[in-house]
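Turn these sequences into a full structure, and let the hints guide you.
The listed protein sequences derive, respectively, from chains W and D. Residue numbering for the first sequence follows our numbering, starting at 1 and increasing by one per position. Residue numbering for the second sequence follows our numbering, starting at 1001 and increasing by one per position.
No wet-lab data here; the hints were simulated from the structure. Since the structure is predicted, the reported quantities are computational estimates derived from the model, not experimental observations.
On the chain W side, residues computed to face chain D include the following (Cβ under 8 Å):
id, residue
1, GLU155
2, ALA159
3, ALA188
The beta-carbon is built from N, C-alpha and C at its ideal position, and this holds for glycine as well.
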Amino acid sequence: MKKSVLLGTLTIAGLVAAAGSAQTLDEVQARGSLNCGVTTGLVGFAAPNASGEWEGFDVGVCRAVAAAVFGDPSAVNFVPTTGQTRFTALASGEIDMLARNTTWTFSRDVDLRFEFTGINYYDGQGFMVPRELGVSSAMELDGATVCIQTGTTTELNLADFFASNNMSYEPVPIETNAEAQQQYLAGACDVYTTDASGLAATRATFEDPSAHVVLPEIISKEPLGPLVRHGDHEWGDIVRWTLNALIAAEELGITSANVSELAAGTENPEINRLLGSEGELGGMLGLSSDWAVNVISVGGNYGELFEANIGEATPIGLARGLNAQWTDGGLLYSPPFR
Amino acid sequence: MTEPPAESFRLSQLIYDTRYRSLTIQVVAFILIMAGLVWLANNTVQNLQALGKDFNFGFLGSRAGYDINQRLVEYTNDSTHARAALVGILNTLLVAFVGCIIATVVGVIAGVLRLSNNWIVARLMAVYVEGFRNIPTLLWILIVFAIMTEATPQPRDFRGEDAEASMILFDTVAITNRGVYTPAPVWGDGALTLVAVFLASLVGIWAFRRYARKRQEQTGDILPVFWISLGLFFIPSIIFYFILGRPVTLEYPELTGFNFSGGTHLRSSFIALTLALALYTGAFIAENVRSGILAVSRGQTEAAFALGLRPNRTMNLVILPQALRVIIPPLISQYLNLTKNSSLAIAVGYMDVRSTLGGITINQTGRELEGMLLLGLFYLVTSLIISAVMNVYNASIKLKER
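Okay, structure coming up:
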């Protein structure tokens, strides 16, 4: 009897897991935690720290969504995914959202049936070479052996770049960033190519970062952002507006330090609407009215997350560049909270 | 006089009557299995609909857009996904073919040596067999690959007057952490004639062996088959090589730019995968060979000796033919294992069919179901072909009852 009950439950669980694609929010709330897909380890973006807790810029987005849904940034199961497994994991429902420096492209959005909920990092593909090779431009890479993560847009850009410049190369396909790093340092490839932010993050973990140069050419546009399954718009809205809340908070000067004070009510109606002291924006999303307060108190606004994980004060040392607010000459521009 | 009452059919007979019971069970099982299949198919269709995906193989005709390093046929990033799959299939077959040959050679030698009377040799082989059999294949692949990439010099170490590394075998072979570069043959004018001569000498060897066997059966004379075969193998080809004015030359690898160019490039990933799979499977084959030899009773050897046969003839004519009957069936499954284990190739970045069709293509097109079905079909067909061929061989050596 017990066994048949168990089997029955498993069957039903299988059916639910297989059929459920519309009510991600209900599922997440029933489960009590968010399943968030991240990389297998890219320092600064998503990597476990010395005590085994995931941290990084992409992890910050996962925690912000968990905070918006539960008010608890620790209610996240991080699921490490490789370039090859990430889309299957998301499409099959193994993860609720993917925050894994994934490039927003037409075919991924339309043909692979995903929905990108915004851009959290404007990136481009670059090349890293050992300084002793004496290479100063990507145009000098004819005949080089190039390490590349398979199943990524960089793989396609690389093929296009070398073909359009009439150069040849030998691709060495690699599954994860850690393997690529090991191959590159062993000299099994002359060049490592991936998003420029990933190159900076990888180089920061080298014993001697100054022995490697990132070449000046950026050969592609790589808008990186979190994504969810196509078709569940309520869930997509939550992820989208969580990201927008982080960006808007920086623009409006809301930080993790002053968010609780501002939540009591301010002169600025947009801050009031965002933080829930005026209007019912949280309710419209199906969340509590203080959702944005929870989001911002986790790791602060977009700028704070950036500076803490990948900014100039960290070993990775990325400048804001395109990722500055539109008011500072960057591309970050959140639609209004109204 | 009364007739026995005519028994009418009752439903309970379906269960309690042994005449009907097995039929009932088969029908029920059949219905359950069909229901399961229908549920699976239905579930798939529904979920594909829920995801808004269709089921078609049109993606195979679209441009692949990615590059593959090891190509046995023409391929560029402008080729189609089907072409990329073909490149992967050939790469898989190459690893399987070379791996099976090395595994058989290693396995037979290790299996025989493990039975050696020499204590050290037998123990060394025991260490090899137990070591490789009891550690997962994936670990061996990674270990061999790590040795290949970490312990060998980079191409640029070969540069300069007092280079840190140098090529071996009279400057013809370079072992680097990107693979081994060996000289490659260049086929010039008349090379085709040379190949024809070589093939003709192979036919000659076969014909001579047939003749020798026939003659031995008729007259009892034994011809020096090995030496004549060896001579036929080399001498005509070498004579024609010089008569035709050396139509085949060698192209040596040379260090240019970032890498060696020219010659044949055996990539580290290929060597690591083939070697690890061959050594791993070889350990299992060694055990099959040992069990096969042990299965032939000691009396057979003694009887052969009593007839005056020398030890090597005893092995070739008495022991091995009987041992093969025991060895071949498990050997088939070892070949299948090796072929299927080659799908671990992605661990070292070898572009087999799992990495091209089942990896990058699926990832770029989002056709998981179609890709995985094709992949499964490919491995199924390959395995069935291998076992069919081996079964034919098995039938030819098995005990023939006269």
